[in-house]
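Residue numbers (my numbering), protein chains in the order written: chain Y, 1 to 316; chain V, 317 to 608; chain G, 609 to 1021.
Just so you know, the hints here were simulated from the structure itself, not pulled from any lab data.
What you are looking at is a predicted structure, and each value in this text was computed from that prediction instead of being measured.
Even for Gly, the Cβ is constructed at its ideal location relative to N, Cα and C.
Take these hints with a grain of salt, some might be off.
Stated by the list, open to error - Heads up, incomplete: computed chain V residues facing chain Y, CB under 10 Å, no partners named:
# : residue
1 : H348
2 : F493
3 : A527
As the list claims (entries may be wrong) - Negatives, chain G to chain V, calculated, CB over 12 Å:
#  : residue
4  : V650
5  : A727
6  : I777
7  : K827
8  : I867
9  : Q891
10 : I895
11 : K923
12 : A924
13 : R949
14 : S957
What follows is each chain in one-letter form.
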Amino acid sequence: MADVDQSVGGGPAARRPPPRPATRRMQRLGQAMFLLPAVAYMVLFYGYPVIKNLSMSFQNYTTTTFFTGEAPWLGFDNYKAVIGSAVFDKAVLNTVLFTVGSIVGQFVIGLAIAIYFQRKFPLSGLLRSLLLLPWLIPLIVSSTIWRWILDKDSGALNRMLEGLHLVGDGPGWLTSTSLALLACVVVNIWIGIPFNVTILFGGLQDIPEELYEAAALDGATGWRSFRYITWPLLRPVTSVVLVLGVVYTIKVLDIILGLTGGGPANSTQTIATQSYQLSFVEFNFGQGAALSNILIVISLIFATFYLRATRRSVDE
Amino acid sequence: MNALATRRELLTPARRRPHRTAAGRPRGDWRHSVLGGLILAVMLFPVYWMVNVSLQSGGSAVSTPWVPLNISLDGYSNALADQSSNLRTSVIVALGSVAFSLVIAAPGAYALARFRVKGAGLVLLGILLSQMIPGIVVANALYSAYNNLGLLNSILGLILADSTTGIPFAMLILYTFMKSIPASIVEAALVDGAGAFRAFVSVVLPMSRNALVTAALFIFLFAWGDFLFALTLTTTEDVRPVTLGIYSYIGNYVNDWSSVMATAVLASLPAVVLLVVAQRYVAAGMTAGSVK
Amino acid sequence: MSTRLHTRSVRWVMVALAAPLALALAACGGGTASAPAASGEVKSIQILDYYGTEPDNTIYKEALDTCGQASGVTIKREAVPGSDLISKVLQKSSSKTLPDVLVLDNPDLQQIAATGALAPIEDFGLSADGAAQGVIDASTYEGVVYGLQPITNTVALFYNKDILQAAGITPPTTWDELKTAAAALTKGSQYGVAFSAPADYESTWQFLPFMWSNGGDEKNIATEKTADALQLWVDLLSSKSASDSVVNWTQADVNAQFIAGKAAMMVNGPWQIPLLNAEEDLQYGVIPIPAPSAGENVVAPLGGETWTIPNTGDKARQAVAAKVVECINSDKNQLMLASARQTVPTKTSLQEEFIAANPTMKTFSDLVQTARARTGQLGTNWPKAATKIYTAIQSALVGGQTPMEALQQAQNG
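Just chain Y, same shape as in the assembly (with noise of 0.2 Å):
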């Protein structure tokens, strides 16, 4: 990526050339100017956060600190506490079952009614606006509406079903252990698809169609032309939407709260409910600040592992 050439300088006063190193000083300067005000702005409203729930996670941090401001010092005792829990292993393999879930279902679809929607036909543009509607729901309300729908006996799904003669007995979408957590899923799919969908089909319409015609040519069509150009040149965009969505997605914390609580019987507690659960039902703040420090670090290395590895490939 070559660097811009700042060797000329702006306005009239630039006719008289003036001594480099002051040059470039401004110039250096001048350039910290446009980076300023964002990491300004990062560092006012999340530094202090962060290093509060660093500190909050090493401390005896309860009700009564808010009031007095007293937290003894706990050092790791909290983390140890988090990890050796019941629910704790629960809570991890819940976290990774419904992140991978959510990720792999969002970007396919995704993927899908984008390519789909790459095609011109009427009303493409005004389908393509509604799509975001899932996004725009207050979360509450989202919930609320799913939990009605996926209710056992008197949910619109499970009427349909027993309707269309799928299944006897509608199935217990919230309240069988073993389904609870794939519903959660399928919903969290549900309102991620609209950001896939968008930014996807931004990125799908930037690669020019010449590329198409001149593969076609070739004999390349379908699911070659997808694989050997419209893959590889949207590779970029695809890591954005991934990271992005990992790290959104592990945590997401309303959905799952408003359609289970994390129940039945803690089949779909994860890390950022349990942390929730910690901190605000029984006021157990240091143990709550340790677990939501844990899931930070899992975000962390994933990204790090990620952002590597396709670094490699993207610089070709």
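We have chain Y already, so just place chains V and G on it with the hints.
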């Protein structure tokens, strides 16, 4: 290539490219619209259900019929009476967040993409890291700060807070797309005598218009749907986004679901209008016309 | 060359910057947290509660405005969604902006009192004497009373008179009768009984009367007595007398099922009465939750909110706040609130008058006299125990464990 000519070419709206099959016939028929509509119907069934419940009085879960037979507009009259000012607040905060986020994020993303900034990788990792922080952590920290600064119950405060998701996200998206803008274009502008900032504003921004619109779309949606900051950073009803206002129908024991759903439907309308307008630009592709 | 400065793009950016800023500055509300009056007269009192929905919102607004007028102050209320109240309290604690009057759900009082944020009510000459014992216990922390609770509620068994009559079944009074009745009343899409057992405190709340009436103790739930109570629920589910969906239903959902005729009986509270009364075709009756066997007592949990006075550091404001709390707890207000909100006044001396004016509330009123506070024994350790209880309930109902296994795992995990 003359920078001016390039700009003129880039600024004309992308023409619709008819999709050609191997046989060369352009397609644009209604069969695809129908299938597209069906896909949408399946995806949007819950949205239909939301409208269905909003039109029934005492909208409750159990015996809601498939189609609202006895239409009742109670939910809508409640929603209009109580939530109009909240809707206005939500729109102002969301649009404000879009403007603020883009003004901060666009130059930043450009700097990361173009200038060889020391530690650019670190900044990007920091941005990604910020997205991993649970919202509650940020909200709690902001409450004390806002309280001391007198920013509680203010539109400005909410705009600043809602941008905590918008700015990092916009920077990541814009960085990805600004990287693919060839240096030659910008150099051409600089040779013509423009300063770095002018080159950015006059050349880079118009070229990134579609990426900017995509980013704006998501910033709007993030801010529009925010509940956490609305709850934490307001203590009175003066400034109350609709995501919080909807809770005046959701009590501890009794819920007025028709009003809740009616509010959700009404809240979707201005957003849908904005989305339809924005989609025109997203349709053109995010680096439309960038010279490869 | 300098024409570049006024390109459309730059102008666009300027407008984009200016517009929202102008809007924001114009719309910038008062914003500052109200500082306590430095000295002299107290003009207004701040109250934090969760009565944001109708009709509670209006009922309390009017009652509090009247109380405020009597003390010469205006009332500023902040109402938040119920599940977010404690978060707000903690935020306000740490920023030293606690309200003058804080309304808490009664099981939360001990947690907050333990932090030192609340002032004992006797500091202001108030006393909780005359209220039902369970009510006083809930508002007491380490022997000191920190709040006054004007009204309370509990759970009971509602039954559909028409359905029971048609099936020739009398309302059950023991657990065995409950099982038989529920089984007989289950046909088609109608279940015999419905209750609420989701993964949160509503589950615990509904289970407590069964657990306590059988002698179960929240200090250690892995006992035979508690296991027997849980077995009752497990049996109701396994015999299909109750739907599996109980593990996902809130009490509001249970009520909706009852109204729709999908459940012949339900465990619920008096706050549903206005909705039930609104259904013209529905004839319902209320009886206490069945006891384990004939003649045994039923011990129910106590609901309702308690009014506390935080330590804001301003003695003058606290004194006025105390007057407002006393006012809302007066005999007149207790009766008014109880009738308007379908709850029970806490002062035992008012029961007769109350039942005379609201005969449908008799069952609840009787239950309240012997009801127990959830935090009575465990105090600040209640949230943990409550979580264990509903974890065990869910594991036993749908998690494939026997009641004893589930209770042991929850108690020790």
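Hints and how they fare:
1. Nearest Cβ of chain Y to the Cβ of V/H348: about 4 Å, under the 10 Å cut. The hint holds.
2. For the restraint placing V/F493 at the interface with chain Y, the shortest Cβ-Cβ distance is roughly 9 Å, inside the 10 Å limit, so the hint holds.
3. The restraint placing V/A527 at the interface with chain Y holds, with a minimum CB-CB distance near 8 Å, inside the 10 Å limit.
4. With a cut of 12 Å on Cβ distances, G/V650 stays outside the contact zone with chain V, its closest approach being about 19 Å.
5. Chain V leaves G/A727 outside its interface by the beta-carbon criterion, the shortest separation being 22 Å against a cut-off of 12 Å.
6. Every C-beta of chain V lies more than 12 Å from that of G/I777, the closest at about 23 Å, which supports listing it as non-interface.
7. Listed as outside the interface, G/K827 is consistent with that label: its C-beta sits roughly 28 Å from the nearest C-beta of chain V, beyond the 12 Å cut-off.
8. For G/I867, the shortest C-beta to C-beta distance to chain V comes to about 7 Å, within the 12 Å cut-off, and the non-interface label is violated.
9. G/Q891, annotated as away from the interface, keeps every beta carbon of chain V farther than 12 Å; the closest lies near 18 Å.
10. Once the 12 Å rule is applied to beta carbons, G/I895 is consistent with being away from chain V; the minimum gap is 21 Å.
11. Even its closest Cβ contact with chain V, about 23 Å, leaves G/K923 beyond 12 Å, as expected for a residue assigned away from the interface.
12. Listed as outside the interface, G/A924 is consistent with that label: its C-beta sits roughly 22 Å from the nearest C-beta of chain V, beyond the 12 Å cut-off.
13. The claim that G/R949 lies off the interface is violated: its Cβ sits roughly 10 Å from the closest Cβ of chain V, which falls inside the 12 Å cut-off.
14. Every CB of chain V lies more than 12 Å from the CB of G/S957, the least distance being 27 Å, so the non-interface label holds.
When the structure is compared with the earlier hints, violations turn up for hints 8 and 13 and for no others.
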